[in-house]
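Protein sequence lines, in the order shown, are assigned to chains A and B. At position 421 of the first sequence the residue is numbered 425 (our numbering), and the sequence of numbers has no breaks. At position 482 of the second sequence the residue is numbered 483 (our numbering), and the sequence of numbers has no breaks.
Worth flagging that the hints you see were computed from the coordinates, not collected in a lab. Don't take each hint at face value.
To be verified - Quick list of in silico lysine to aspartate or glutamate cross-link-like pairs, DMTMM-like style, CA-CA up to 20 angstroms:
(1) A:K214 / B:E41
(2) A:K289 / B:E350
(3) B:K198 / A:E107
(4) A:K195 / B:E407
(5) B:K242 / B:E284
(6) A:K195 / B:E410
(7) A:K35 / A:D398
(8) B:K298 / B:E22
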Amino acid sequence: MNIHPFFKTTVLLISMLMIFIAEDASARQAKSVILVYLDGGPSQTDTFDPKPDAGRDIYGNFKEVSVTNVPGIIIGSKLPLLAQMADKYSLIRSMTHGVNGHETGHYAMITGDLSGGDVVYPSYGAVVSYFKKDSYKGILPPYISITAANNRFNEGGFLGNRFKSFDTGGAPEKTTFEVEGIVNPFISAEKFNQRLQLLNAFENINPYFKTSAYKHAIDSMRQHNISFIFGEAGASFDLSKESKEVRERYGMHRTGQACLTARRLVEAGVPFINVRSTGWDTHKKGFQRLSDMLPELDQALSALIADLDERGLLESTIILCGGEFGRTPRVQWEAPWNGGRAHFGKAFSYLVAGGGFIPGKVIGKTDKTGEEIVERKVYPADLIGTVYLLMGIDPNGTLPHITAGSLPVLPSLGKEGQSNGLLYELIKP
Amino acid sequence: MKKIICMLLIVLSVNTLSANEIDKIFRNTSHQHFLPCGDEVFLRRTFLVLTGRLPKSDKAVQFLQSVHPEKRTLLIDSLLDSDEYVRYMVMRWGDILRIKSEFPSNLWPNGVQAYNRWLYEQISTNVPYDTFVRNLLLSQGSNFRSPAVNFYRAFIKKTPENIYQNIQLLFLGERTTPFEGAACFDQISYKPTKEWKEEIIYLDYSKKPRKKTVKLSNNKSIQLQPGEDWRKQYTEWLTDKQNRRFAAVMANRLWYWVFGKGIVDEPDDWGVHNPPSNKALLEYLTDQFIASGYDTKALLKLILNSGIYQSSHAPAGFYIAQRLPAEVLIDALADLTGIADEYRSRVPEPFTFYPKGTRAIDVGDATVSSSALELFGRVSRDVSLESQRNNTLSARQLLYLMNARELEERIRKSNVLTELCKQEKDIPGVCRAITLMTLSRFPTDEEMLLYRQYAQKNKVSLRQLASDILWMQINSIEFLYNH
C-alpha cells in the first residue's frame, strides 16, 4: 500500500504532538490535594461572598469587608491576610446542592453524588487513594485526616475500608503531636524493643501458631510498622523540626498546626490530606464565634498557600476550602439564635488554589442578598470532577463494585440538576 | 510411645464424643482427617462465636478443670441461653438489616432503639426463623410502636424495587433479581406524625395490582387481589417449607457466622454460578433446620457439637482462624484494661452520650462509632452483604495495637492489672492471671520461663511486667485470631 508522504509526516507530527501533550499534562499534573474542610458549614456571607450593601439583616455584624489585592474582589473583613493574596487563589461563589442536613450535605459535598441512588459512594479522598494505590509508593497512608475524618457516613463507600482515611488523632498544636500509632510519648524506644523481643520469643514457642502461615505475614507487617514508627513517617508529623517562625506563621492553634502538618505530608508525597476544622455550625451567636474562628483560619490558610508557593509546591498541590454547605444569608436575630445563621445548601462558596487552578478569579455569582445564584451554578460533582482531572483521574471513569461490576466515579456528572460541567474555565491552559 | 498412645486415646475419645451426622457427611465426602482441638481452644472459640466475648477467668478455669464428660455440650447450651448470645445476634442482624440513624438508612435514634429492642425480644425468645421473617415483612404501623416497620424505612429510595431487591438478597441470597415480585410491595406507604421522626407505615389498599399474576423466582406464581395485603402472598410463598432456598440460606448463614466461610460462599451470593462446596451437607442442614421448625439455636447446637467444629484450625483441622471482629476486639481491650471507649450520638443535637461502659457490640447504631472501631472494620451498614465486614488483619491495625498512645495509657492506668498484681503478688501468679483473661488458658512452662527471664533481665516491677505481658499478649496472633 502506498501512503502519501505528506500523510506520513502529518501522522508523525500529530503523534509527536500527542506525546508532547501527554508528557506536558503529566508534568503539570497535581500530586496532592489538601482539603481544608470547615465542618458544620461555614458562612459564605461572612467569608468569601460578602454583601456589604444588602442591609444589616444580611451582613449582620460584619459590614466591613476586606478589599483584596485583585481589583474587583472583596472578601470578609475577618480575612485580612487572605485578602492580601487573592492573586494566589480563586473563589467559587456559586456552589450548590440544595441539601440542608449535615450528614446528607456532607455526603453530597464529599462524594459529589446527588443521584439519590441506593449506593453509598466513597469520599473523594478514598477515590484518590484508590486510583493512586499503585503509583503512590510512600510509606504513609495515601489519605490522611488531621485529626479525624467526619465519619458521619462510611467514607470508604463501596470501595471498602481499605481506602478510608488514616485519622491522626492527637493535637498538632500541643508540644508533641501524638499521632495515633506513630507517636507515643508513653513508651521509650528501649521499652518498645524489650516488648518486641518478648513478643517474638512468645510467638516462636506458641503452641498454635509457631509454624503457621499467619506468622510470616504478621511478622512482615510488624517490621513495616517498626520502620514506620522509627523512620520518616514519624518525622513527617514531628513539628519540632520546623522553625519557631514557620510554626508561628501558621498560628499556634489547631487549624494552623494542622495546615503546617499538611504541608509536611505534601512534601512526603501523600496524595490526599484532609484538614478537618470543626465548629462551623454557627447557629447561635454566630458573629461572636466567627470573630474567634476566622482569624485563625485566615492565618492558617494564608500561611499554607504562601508557604507552598515559596517552596514551589503550589503548582502540584490543590488546596480546597469549604464545608458541607453554607449558611443562610439572612441573619436570625431572634432568640435562641441571637445573631446566627441556619444551614444553606442552595448557594455557598469554596476557595480553590494551586494544582493547576487559575488563581485570581471569581467563578459564579449570587444575587444582591446572596440567596439565589445568578451565574454559573457549580455542583459538588463539577468541583470534585475538576479535582480528579487535575490529579490525572478520569472524571468519567469507573470504580469497581461488588454486585454491579462497575459504577461511574461521579454518578451525577453531566446530569441535569446535579451537574453543570467541569470547571474548565478555572484550569490553566 | 506412651505419649503417642495417650494422644491417640484423646483423639479417639474426642471424636466419638462429638461425632455427629455432620461429621459422617464429611467422612463420606472427603477423606481428610481433622485434628480435634483442645478444651482451651474450644472454650475460647465457642465464647467468641456465640457471644463475641472472651470467657471470664473464673469461668475458664472452671471449664478447663471440669472432668464432666459432656462439658462441651453443656457449655454450648449455657452460652446459647445467655443474654450475651442475644446481644451478639442483635448486632449481626443489625448489620444486615442496616440499622443506622443517619445516611443511608436514616432510621434516626428513636427508630434505631425501637428496632434493636424488637430484635432483642425476637432473638431472646428464639422465635422460629420463618415467624421472625413474617413478623418483619408483614409489619405495619408506627416505627416507634411497631418497630419491625423500620425494615421498610431503611432505604435511601423507598421504592418497591429497592425493598424487594433487599428482601430477595437477605432471605434468598439473590444478588440480582428480576423486578416482577416488586409489585407485592406497591401498597407500602409512609406518613409522618406530629412526633419528631415518627413515621407510620401503612398499606394503600386503593392501589390496583400492576399485574394479577406475579411470577416469583422458583417459577411459582402468586395472585394479587385488590384490597388484600399483597405482601402476605409473597411472604407465604417465601417462608413455605417447599421453598427450600429460604431455609438453606439461613442455615448457610449460620454456618458462615460460625466458620467465617459459608458452604455457599459468599453467603449472600446464591445461584448456579456459585455452587455449594458440600451439597450433601447443605441439604442435611436445610432438612434439619426445617424439621426443627426453623429453630436457630437447635441448628447452632447441631453445628457446634460436631467434630468438624471442634477440630483445630486449618491446616491440621477444619476451622479457619479469623481475626476478631472490630466490636469484639474493642470490647475485649476494654475488658482487659478495665477502661472502655465512650460512645455518643451526634443526632439529634445536643449530643446523646451512651451510658459509661456500653459495649461496642451493644451500640446498635452504625452512625455511632469511634476511630478504633472504624480502623478494625466495623460494619458501616450501607448494604446487606456479609462481605462488608472485613476481618483481614492490616498493618495499620497492628500499628494501633503496637503503639497507640491511647491504648498504652489504658494499659498503664488499668485497675484490672493493678488489682491483679495486688492479689497475685508474684511473677507466676500475675503471668497466669493475665494469660487466663487474655488467652483463656494456662501459660505453658516454656512461657513461664520466658516471663521470668524477661522480668529478671529488664528489671521490671511486677506492675510493669503486667503491662508488658498484656501488651505482648494482645499483640500476639493467638489473641488477635479466633482459632
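Now the hints, each set against the structure:
1. A threshold of 20 angstroms between alpha carbons decides the hint, and for A:K214 with B:E41 the separation of about 17 angstroms falls inside it, so the pair holds.
2. As the CA atoms of A:K289 and B:E350 are separated by approximately 17 angstroms, the hinted pair is consistent with the 20 angstroms bound.
3. For the given pair, B:K198 sits about 16 angstroms from A:E107 by alpha-carbon distance, which is consistent with the 20 angstroms threshold.
4. Simply put, A:K195 and B:E407 have alpha-carbon atoms about 17 angstroms apart, close enough for the 20 angstroms limit, and the pair holds.
5. At roughly 13 angstroms between alpha-carbon atoms, B:K242 and B:E284 fall within 20 angstroms of each other, so this suggested pair holds.
6. Using a Cα cut-off of 20 angstroms, the hinted pair A:K195 and B:E410 holds, with the two alpha carbons roughly 14 angstroms apart.
7. The hinted pair formed by A:K35 and A:D398 meets the criterion: a straight-line CA distance of about 15 angstroms does not exceed 20 angstroms.
8. Straight-line distance between C-alpha atoms of B:K298 and B:E22 comes to about 17 angstroms, which keeps the hinted pair within the 20 angstroms bound.
Consistency with the previously given hints is maintained throughout, with no hint failing.
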